[in-house]
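K.L.:
All chains, full assembly: derive it from the sequences and hints.
Each chain, letter by letter, is given below.
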Amino acid sequence: NAGVTQTPKFQVLKTGQSMTLQCAQDMNHEYMSWYRQDPGMGLRLIHYSVGAGITDQGEVPNGYNVSRSTTEDFPLRLLSAAPSQTSVYFCASSPRDRPYEQYFGPGTRLTVT
Amino acid sequence: AQSVSQHNHHVILSEAASLELGCNYSYGGTVNLFWYVQYPGQHLQLLLKYFSGDPLVKGIKGFEAEFIKSKFSFNLRKPSVQWSDTAEYFCAVNAFRNGNKLVFGAGTILRVKS
Numbered sequence: 030n031a032g033v034t035q036t037p038k039f040q041v042l043k044t045g046q047s048m049t050l051q052c053a054q055d056m057n058h059e060y061m062s063w064y065r066q067d068p069g070m071g072l073r074l075i076h077y078s079v080g081a082g083i084t085d086q087g088e089v090p091n092g093y094n095v096s097r098s099t100t101e102d103f104p105l106r107l108l109s110a111a112p113s114q115t116s117v118y119f120c121a122s123s124p125r126d127r128p129y130e131q132y133f134g135p136g137t138r139l140t141v142t
Numbered sequence: 705a706q707s708v709s710q711h712n713h714h715v716i717l718s719e720a721a722s723l724e725l726g727c728n729y730s731y732g733g734t735v736n737l738f739w740y741v742q743y744p745g746q747h748l749q750l751l752l753k754y755f756s757g758d759p760l761v762k763g764i765k766g767f768e769a770e771f772i773k774s775k776f777s778f779n780l781r782k783p784s785v786q787w788s789d790t791a792e793y794f795c796a797v798n799a800f801r802n803g804n805k806l807v808f809g810a811g812t813i814l815r816v817k818s
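Chains as they are written, first to last, in my numbering: chain X, 30 to 142; chain W, 705 to 818.
If you're looking for bench data, these hints aren't it; they were derived computationally from the structure.
Keep in mind that a hint or two might mislead.
Stated by the list, open to error - Far from chain W by the CB rule (all over 10 Å, computed), these chain X residues:
#1 Ala31
#2 Thr36
#3 Gln51
#4 Leu72
#5 Ala81
#6 Pro90
#7 Gly92
#8 Tyr93
#9 Ser96
#10 Pro104
#11 Leu107
#12 Ser113
Said to hold, decoys possible - No more than 30 Å apart at the CA atoms, straight line, and that leaves these computed lysine-lysine pairs for DSS-like:
#13 X:Lys38 x W:Lys765
#14 W:Lys805 x W:Lys762
#15 W:Lys765 x W:Lys753
#16 W:Lys805 x X:Lys38
#17 W:Lys817 x W:Lys782
#18 X:Lys38 x W:Lys753
Think of the CB as a built atom: it goes at the ideal place given N, C-alpha and C, for glycine as much as any other residue.
P.N.:
This is how it looks when you write it as structure tokens:
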């Protein structure tokens with residue numbers, strides 16, 4: 030098993046550009062989540078999904094969109110990047126019977142100039 | 705507001721020193737508790753977890769944590785740290801009222817001097 034994979038590892042965007050961060054898992058987990066990690070603030074939940082076709086907002090959803098068309102994939106879209114979105118983004122997945130026991134991907138470091 | 709608090713943002717220890725990192729949460733009711741570790745340049749890994757039963761939980765690499773319900777605390781301990789324990793440590797809480805969401809503390813950066 031590859032676990033949770035994320036691409037790209039690094040990305041630099043200009044303000045106003047859009048992009049999609051990719052996340053995939055091969056553990057057949059129903060639950061998937063996106064977090065952003067900022068110094069001194071821990072991890073904050075952006076969006077999450079409890080299964081294909083179902084998504085919901087987390088703590089800091091503004092400026093981000095998600096979709097979940099398959100169990101494996103959970104892409105995060107930045108519609109119009111802003112410097113405040115400079116962060117490290119982590120995707121996580123967890124099984125239905127232990128939804129809070131999350132497995133994290135390696136992260137994407139995003140810089141918006 | 706309900707939250708997870710980690711008291712120390714930076715901790716510096718010498719090798720062989722004992723470690724205790726504090727974690728307090730403000731959720732009432734049933735909780736599941738976690739410590740995650742992030743080594744430099746790596747992603748978060750689960751260090752240990754508490755769901756129920758014995759409040760003293762043992763994890764990987766000699767770490768343990770004690771759940772004290774009356775104090776709303778879940779402190780992480782290790783009797784003798786090694787240079788390889790240099791990492792950032794995150795406490796996380798799942799409260800049943802929050803469904804499957806995990807709420808993370810701000811993290812504690814541990815540097816172990818060799």
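K.L.:
State for each hint whether it applies.
P.N.:
Structure-based check of all given hints:
At roughly 13 Å from the closest C-beta of chain W, the C-beta of Ala31 of chain X stays outside 10 Å, upholding its exclusion from the interface. At roughly 14 Å, the least C-beta separation between Thr36 of chain X and chain W is larger than 10 Å, which holds for a residue marked as non-interface. Non-interface status of Gln51 of chain X relative to chain W is upheld: no Cβ of that chain comes within 10 Å, the nearest being about 15 Å off. For Leu72 of chain X, the shortest C-beta to C-beta distance to chain W comes to about 4 Å, within the 10 Å cut-off, and the non-interface label is violated.
Against the 10 Å criterion, Ala81 of chain X stays outside the reach of chain W, whose nearest CB is about 16 Å from its own CB. Against chain W, the non-interface label of Pro90 of chain X holds: every CB pair exceeds 10 Å, the least being about 13 Å. At the 10 Å boundary, the C-beta of Gly92 of chain X stays outside the reach of chain W, the nearest C-beta of that chain being 20 Å off. With a closest Cβ-Cβ approach of about 16 Å to chain W, Tyr93 of chain X is found to remain outside the 10 Å limit, as its non-interface label requires.
Consistency note on Ser96 of chain X: stated as away from chain W, and its beta-carbon is indeed over 10 Å from all of that chain's, at 19 Å minimum. Chain W leaves Pro104 of chain X outside its interface by the beta-carbon criterion, the shortest separation being 18 Å against a cut-off of 10 Å. Every C-beta of chain W lies more than 10 Å from that of Leu107 of chain X, the closest at about 20 Å, which supports listing it as non-interface. With a closest Cβ-Cβ approach of about 18 Å to chain W, Ser113 of chain X is found to remain outside the 10 Å limit, as its non-interface label requires.
With a C-alpha separation of about 28 Å, the suggested pairing of Lys38 of chain X with Lys765 of chain W holds against the 30 Å cut-off. Restraint check: the Cα-Cα separation between Lys805 of chain W and Lys762 of chain W comes to about 23 Å, which is no more than 30 Å; the hinted pair holds. Note on Lys765 of chain W and Lys753 of chain W: the hinted pairing holds, with a Cα-Cα distance of about 14 Å set against a maximum of 30 Å. At roughly 25 Å between alpha-carbon atoms, Lys805 of chain W and Lys38 of chain X fall within 30 Å of each other, so this suggested pair holds.
Between Lys817 of chain W and Lys782 of chain W, the direct Cα distance comes to roughly 15 Å. Compliance with the 30 Å bound is thereby established for this hinted pair. At most 30 Å may separate the alpha-carbon atoms for a hinted pair to count; Lys38 of chain X and Lys753 of chain W meet this at roughly 28 Å.
When each numbered hint is compared with the structure, a violation occurs for hint 4 only.
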